[in-house]
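Number of protein chains: 6
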Amino acid sequence: MFDIIGFGEAQLRLSTAHFQRLEQATSFDATIGGAELNVMVTARRLGLKTSYVTRLPRNPLGRMVQNKAREQGVDTSNIIWSDSDRLGVYFLEFGALPRPSAIIYDRTNSAIARIQPGMLDWDSIFSEVRAFHITGITPALSQGAMAVSTEAMRRAKEKGLQVSFDLNYRAKLWTQEQAKAGLSPLMEYVDLLITTEEDTARVFGIEGKDWSEVAHQLAATFGFKMVAITLRENVTVWRNNWTAIVLKDNRIYQDRTYDVEVVDRVGSGDAFAGGFLYSYLSGNDVQVALRYGNAAAVLKHSCTSDLAWFTLEEVEKLIQSQGDLRISR
Amino acid sequence: MFDIIGFGEAQLRLSTAHFQRLEQATSFDATIGGAELNVMVTARRLGLKTSYVTRLPRNPLGRMVQNKAREQGVDTSNIIWSDSDRLGVYFLEFGALPRPSAIIYDRTNSAIARIQPGMLDWDSIFSEVRAFHITGITPALSQGAMAVSTEAMRRAKEKGLQVSFDLNYRAKLWTQEQAKAGLSPLMEYVDLLITTEEDTARVFGIEGKDWSEVAHQLAATFGFKMVAITLRENVTVWRNNWTAIVLKDNRIYQDRTYDVEVVDRVGSGDAFAGGFLYSYLSGNDVQVALRYGNAAAVLKHSCTSDLAWFTLEEVEKLIQSQGDLRISR
Amino acid sequence: MFDIIGFGEAQLRLSTAHFQRLEQATSFDATIGGAELNVMVTARRLGLKTSYVTRLPRNPLGRMVQNKAREQGVDTSNIIWSDSDRLGVYFLEFGALPRPSAIIYDRTNSAIARIQPGMLDWDSIFSEVRAFHITGITPALSQGAMAVSTEAMRRAKEKGLQVSFDLNYRAKLWTQEQAKAGLSPLMEYVDLLITTEEDTARVFGIEGKDWSEVAHQLAATFGFKMVAITLRENVTVWRNNWTAIVLKDNRIYQDRTYDVEVVDRVGSGDAFAGGFLYSYLSGNDVQVALRYGNAAAVLKHSCTSDLAWFTLEEVEKLIQSQGDLRISR
Amino acid sequence: MFDIIGFGEAQLRLSTAHFQRLEQATSFDATIGGAELNVMVTARRLGLKTSYVTRLPRNPLGRMVQNKAREQGVDTSNIIWSDSDRLGVYFLEFGALPRPSAIIYDRTNSAIARIQPGMLDWDSIFSEVRAFHITGITPALSQGAMAVSTEAMRRAKEKGLQVSFDLNYRAKLWTQEQAKAGLSPLMEYVDLLITTEEDTARVFGIEGKDWSEVAHQLAATFGFKMVAITLRENVTVWRNNWTAIVLKDNRIYQDRTYDVEVVDRVGSGDAFAGGFLYSYLSGNDVQVALRYGNAAAVLKHSCTSDLAWFTLEEVEKLIQSQGDLRISR
Amino acid sequence: MFDIIGFGEAQLRLSTAHFQRLEQATSFDATIGGAELNVMVTARRLGLKTSYVTRLPRNPLGRMVQNKAREQGVDTSNIIWSDSDRLGVYFLEFGALPRPSAIIYDRTNSAIARIQPGMLDWDSIFSEVRAFHITGITPALSQGAMAVSTEAMRRAKEKGLQVSFDLNYRAKLWTQEQAKAGLSPLMEYVDLLITTEEDTARVFGIEGKDWSEVAHQLAATFGFKMVAITLRENVTVWRNNWTAIVLKDNRIYQDRTYDVEVVDRVGSGDAFAGGFLYSYLSGNDVQVALRYGNAAAVLKHSCTSDLAWFTLEEVEKLIQSQGDLRISR
Amino acid sequence: MFDIIGFGEAQLRLSTAHFQRLEQATSFDATIGGAELNVMVTARRLGLKTSYVTRLPRNPLGRMVQNKAREQGVDTSNIIWSDSDRLGVYFLEFGALPRPSAIIYDRTNSAIARIQPGMLDWDSIFSEVRAFHITGITPALSQGAMAVSTEAMRRAKEKGLQVSFDLNYRAKLWTQEQAKAGLSPLMEYVDLLITTEEDTARVFGIEGKDWSEVAHQLAATFGFKMVAITLRENVTVWRNNWTAIVLKDNRIYQDRTYDVEVVDRVGSGDAFAGGFLYSYLSGNDVQVALRYGNAAAVLKHSCTSDLAWFTLEEVEKLIQSQGDLRISR
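Protein chains in written order, with our numbering: chain X, 200 to 528; chain P, 200 to 528; chain E, 200 to 528; chain S, 200 to 528; chain Y, 200 to 528; chain U, 200 to 528.
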């Protein structure tokens, strides 16, 4: 019934406009984001049937999360509701060279962090589903979330779903040691590992002379079928370069590097995952899927909020483009 | 050094504009409010030297609370800082007949809720101070906050400060039974009890044939020197009537009833307390102080945010006014 | 699979803030609304499974309509897409006594107005559905829309769906004579007629000494099973009274009259229909359903945009309320 | 070439939104207003050819005044420019019962206040013009402005223009004694005096048992051909009653009293003048002109900014209306 | 009476702020723009007397177009009004590398598109005028607009006005073949052709080894007295290079290339035309006029909306500048 | 009691958003700024006890200045109040290459410009203070301000305070000749001169083959103990390079050059002064203080408003940074 299901935390994102610092804010723009939700949204916008699983408070803010997932066409029927807990919040301010953008998390004791094993019926959720996506954030939320993540990944693997895992190390949630101890046991369930430039070194201590070697080491260590490493160069805060590589069957796939003007980079890695998963699960080979992942990630940089406000047509136009920047009229 | 010190929780207030429901919000107006802070602000704007004590997270939101207190001239030198906790948040939406305005609290585990006895040095804080103000919200926040509230009230009483207490029952924090059990032991330290129409019945089960009788019963039960009861009539959501009575030395003081167009009623009771305390601590008698309290409360209804954005001159003009509504030019 | 399906036009609503006149606008608030969509949204929020059928342009504005329907949980799988047409727009400004609010329609040649018979497969759409809702706006849009409306109503009736019809006369779309000629033939398919105070007189020339008599005449003339007449008194622009009556089986049902502060009255009649249909299709009797319809209509007045941003819990609380306007905290 | 010319000061109006107090402002809405400009705008929107004369600084703010006059169709070819002076500013905050709206003027040393006799060539300006309008604000600005006002009024009278004068006493510009001394000598040039309820008493010390008597006294004292007195009742800040009377040829003309919801009352008196002058100069009798004046004043209350953002059609519809408050669609 | 008259379509421009995609818009900034209007505004701001001719709906949006033209000092007395048609709208979103900005037109059946020959009295309009400006958009709007454009250009030529024509090919209005067939017959009336880099190739199939050769071919093919080609390099979306060349009397004129940070590039070509025409019609030679055109175009990039919110002084300062970017204070 | 005291003018800053030109503004963002206030704010945020002295009007705008100083922790107890004067205003618009940002001052006759000798009791103000800061703006405001500045600097010197002076030449206040004549006599009281690249040449006519030579000449001419010269390169409007040098005891200190994306450069020089003074007065040597000054100046470019919305921790992180631009999470 669904191509892919994601499980994790969605938060109320409160960001300031016009580069205001958080401390001087007199208003906040309010949107919804969360790593796994963002992936489901991108994949859905491009064409997959996706469902998002989380635990939400039964109040206007919890409903807002459900609304915004539905608005994008993401199924929310597996979401469970809490009568007492809160929605996690994150505060975001945008920077300018040499000050990077910054985030304050206020996510402790959110409804999803207080999830307990047994609350979600994974057998039912995974019936008629082809793939499962989760990130390293979800197990980091709490012991309960770790337990439910493990439950979900094991069950997904047993049922033959493709399991993708974005490492997404969050230093504000746990130490590198805790992350290594917590995440290593989960790696046996993972088919596709997605990671950013820095996170493998920080979590698994895996480094190499180049990213290709890192990918090979990751695959060798954990037995992943595929490893994707996204590579960002922060030329300035408002100007980045972006590309990614994928390792599969001992072969490294590469794509061109994009020059990017940055409107809002939050969620770019998730857009990569969504674009790659869309294309790969649609039957394309890794080389093609990598192009979709990169184009989706790149377009995300020009969209405000965590979400992928673009279309399949735009992704494909970018893949084929020669850099035409005229206004279309 | 200070006329009065307040102790309690200040929160980030996130409200929607244009009567938007919280569920449909795309942005929030951000201000700071908190019952005891609001009282200190009103009293300071009218003329007292006031200080505000709380515990804040050492991050931009915590600094925002300190900033906004200082902006109003309220001393913040006694505030203590936490490196790990959060700032409480409340979400506010404005209603229209027949739907009242509504608040969602997200205050659990705030820095102030996680305060512990001994963190604040009340002897030092209360040196050279004449009065102490606290509300029934602070002890309701947590066991630690209850303990510190008790510590503070007892010490204030011992040092001969005038202790004022606004009952402020919050059903979202504890049950009526819990409130009664928790607050009753504190009443022995209270000189001036301030309460709204409903709260004495809900917390102490004290009711009477009229508000005068209720005030007498309260004084008789707990031995308060003064009891103030604020009386609001919700004609509609946008139109209220407001007055208050005060009992002192077995005598009931009354004031005129004001007809009020409501811009933002949050903090009106605190403005009453601030206006009354300003006048009373400035040496006026109860009848005069009651007039200042009512005028301050009434003006608060026309100010956005929890705070009393008006001046002593405006309060005194209203007290003497014959209802001139011409634009001053 | 669905309790009820609605068919009609949804528009981009561009309204000014702060009572600005349209002529002086420097920005517009953008939301989505449409009579049948509004009904589906209310019914869905209260508990029915609803689906909305329309024809949209394949561009960001068309997608916005689908998004906003999905956001509310309304199914959009039956929507059809046009590669060349436009989305209808309406411009709205809010008034103040003695100037009423006003609307400019810019809806000619919208994708839905250019629909043609055969574009929608009603047999498929109506499989596993219990009810169908349409208003007098849809057939007024164009000859094609009239033809498809007729097609839909006839097929709904044949398949035994309950057909509800909100008369909704729009003088800017057609004359009273055209409306009478166009709508009269459709009345044979209607089970429940919903109409405002003025519209029966304007469209069918039916008047009476009171609304009860009008309802009886309507039922007698067209053979409706039920007739609902909503009754609004414009005390001022910002203050209205609201109630409604329903006729069924020769009996008139009445409910209390609500005193309403008006934030945004657009869509109130649709909220009535949605509330009534929710309750009636959930198995309640007419008297109960009338209460749900009125409470939903009344709450709509306090919500910005055309849509019913409230919950079943709020509707039921209002029905049982004694007018408590305290802030819930 | 013009029906009427106005002369005076236009200011940058900086007002807060959402009832924010000036002291708490983080942004201001910026518009342009000025008594004589407002009158020229209303008269122009209804149908007269109008021109506005002032002195402006040659900077973006000065150009903004010219732009906004031109936007409304008011001629600006007689405006003169200063290379060194400033534009006057006024700050406006909106009140709510029992606190009235308030204005801070920051108009000292504006370009128009620094005007000197001879800077404007009244002979040229008054060629082919039928009427001249000025208010008691212009001569109050400075000695230079008083001299130029006198120059203009005398010359207008000599050339046979109808001279209208709105008393508009501004306590923040001069005392009642100064106003009396300054304005009395100008009255000999005035054909039509327009005044509010309070101003004749404050400036000329003329009071009576009713407004009719006051009008008669004014005419008797100064020899005005016509006297118009506008009558406002401040029921609350957001709800006013409005009407006016006119005395001509010893006869009092009256009109109905309007019940008004107040969005922005600044400029209502100017709209009255503009509506009355439009109708009277178009050849209607006083009774008709009074109706246009009142309807224009009343509609102004529902328009944000000082200006009359309505049409002749709307004025005439209101005059003929029976109070229909349905949304026109 | 006028130096130059422009004829074409002005639209309501609805753009999103903060780089929001159109699909996610919750509000739109509203301004007015249109190729020929933009040219008249620039020329007027720099010093010419200009008039703008179009056909508008008699509603608030049509009045908004007239207002905004008048605000800039552009005469609107030749505008004609429709009681039934609509104003064209365009939706604009701003991009970031590698996604260009994008426009959705919603202009079909606008009042100007429904114009018919005879509605405008060109003999009267062209009395006492020196020049006429039109673009390739106007004849593309409809058959009626093509007929009236032809009518106007022929009559202008006959009366000896200088006719300037900006090719402005719009792929969303017609195909390249349609444009060639439609525009070629009009070229005989054109004195000055203005075109962008791409449009001559797309419409006339004229290409060359460099822009100089293209200009020569255009002049040779159609007999233009002058040809101006504007040359933009999209370094990124937010950074462009700009210059232009002009051919006259077989000689190519060039100017420096400007490095431009892009705030809003819509209307830059029109600003070039306005700046060039201002200078040329003021009696300057082509080399000087080219400098004014380029400086105006370049300054336009830093102004929001389609319009040229700058002054002659700023244009001349830029022409003479050495790149001083200090804040003037 | 204070580490440093600043004396000067604070203004209401009215800036447009989204790069709007001032002439097209429909709203202004309102903040408070002033050279000496900005320095006190930066120094306070980093850790000094600072006090700000000025003269303000007793109205909401004057209170706003006091509020915003207090909000930052700056003492305001020495401020004096005027019952009749105004607050200075400056209007700011942001530019884009090749158009620089621009400011309109409207500061004539402000309360501080109308200060007179004797109004401030410098003996009392300077009791228990270590340093005094003033800029070349304050004496330029008026004769009275010049007299009070001289009074203050002489007294500060006499009392042994460290006197720092930022040259800050403002061409809109006085000519270069006037500045030279006015400022030269004050230089004898100055310990630390801070100047921008251009100002020494413009005011003192001091130029050299490099900045080091200029610093030496300044020290030689006036006997300053220290000279700081800030060096900005305007690569574009949105991209600057920044560094500074300091001369002390015949030695030149240098620091690295920062590459800066510019959000709002107003107040950067003041942030340099604040950062340098903080560090130097905290006991660090010149080399260290220079680093703090530069880092503070650089961070200021990324903060909206004149003020230094950053922390000591951020300054120190930047000083030690290797340019990590990842989002901290």
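Mixed in with the good hints there might be a few duds.
Treat identical chains as interchangeable: a pair holds within one or across any two.
[Stated by the list, open to error] In silico EDC-like pairs for lysine to aspartate or glutamate, Cα to Cα no more than 16 angstroms straight-line: (1) Lys248 with Asp274; (2) Lys379 with Asp274; (3) Lys358 with Glu327; (4) Lys371 with Asp282; (5) Lys358 with Asp202; (6) Lys248 with Asp202; (7) Lys371 with Glu327; (8) Lys371 with Glu406; (9) Lys356 with Asp484; (10) Lys371 with Glu222; (11) Lys371 with Asp409.
Calculated from the structure, these hints are not laboratory results.
Since this is a predicted model, take the numbers as computed values, not measurements.
Hints and how they fare:
1. When the C-alpha separation of lysine 248 and aspartate 274 is checked against a cutoff of 16 angstroms, the pair qualifies both within a copy, at 8 angstroms, and between copies, at 15 angstroms.
2. Within a single copy, lysine 379 and aspartate 274 get their C-alpha atoms no closer than 32 angstroms, and across copies no closer than 43 angstroms, so neither meets the 16 angstroms cut-off.
3. Only within a single protomer do lysine 358 and glutamate 327 lie at most 16 angstroms apart by alpha-carbon distance; the minimum there is 10 angstroms, versus 32 angstroms between protomers.
4. With identical chains, the CA atoms of lysine 371 and aspartate 282 are at most 16 angstroms apart between copies only, with a shortest distance of 13 angstroms across copies and 27 angstroms within one.
5. Taking CA atoms no more than 16 angstroms apart as the test, lysine 358 paired with aspartate 202 passes inside one copy only; the shortest distance there is 14 angstroms, against 34 angstroms between copies.
6. When the C-alpha separation of lysine 248 and aspartate 202 is checked against a cutoff of 16 angstroms, the pair qualifies only within one copy, where the shortest distance is 5 angstroms, while the shortest distance between copies is 24 angstroms.
7. Within a single copy, lysine 371 and glutamate 327 get their C-alpha atoms no closer than 36 angstroms, and across copies no closer than 42 angstroms, so neither meets the 16 angstroms cut-off.
8. Neither within a single protomer nor between protomers do lysine 371 and glutamate 406 lie at most 16 angstroms apart by alpha-carbon distance, with minima of 22 angstroms and 51 angstroms respectively.
9. In the homo-oligomer, the alpha carbons of lysine 356 and aspartate 484 never lie at most 16 angstroms apart, since the shortest distance is 22 angstroms inside one protomer and 51 angstroms across protomers.
10. Taking identical chains as interchangeable, the C-alpha atoms of lysine 371 and glutamate 222 are never at most 16 angstroms apart, the minima being 20 angstroms within one chain and 28 angstroms between chains.
11. For the identical chains of this complex, lysine 371 and aspartate 409 are neighbours neither inside a copy (27 angstroms) nor across copies (48 angstroms), given an alpha-carbon limit of 16 angstroms.
Hint violations for this structure: numbers 2, 7, 8, 9, 10, 11, all remaining hints satisfied.
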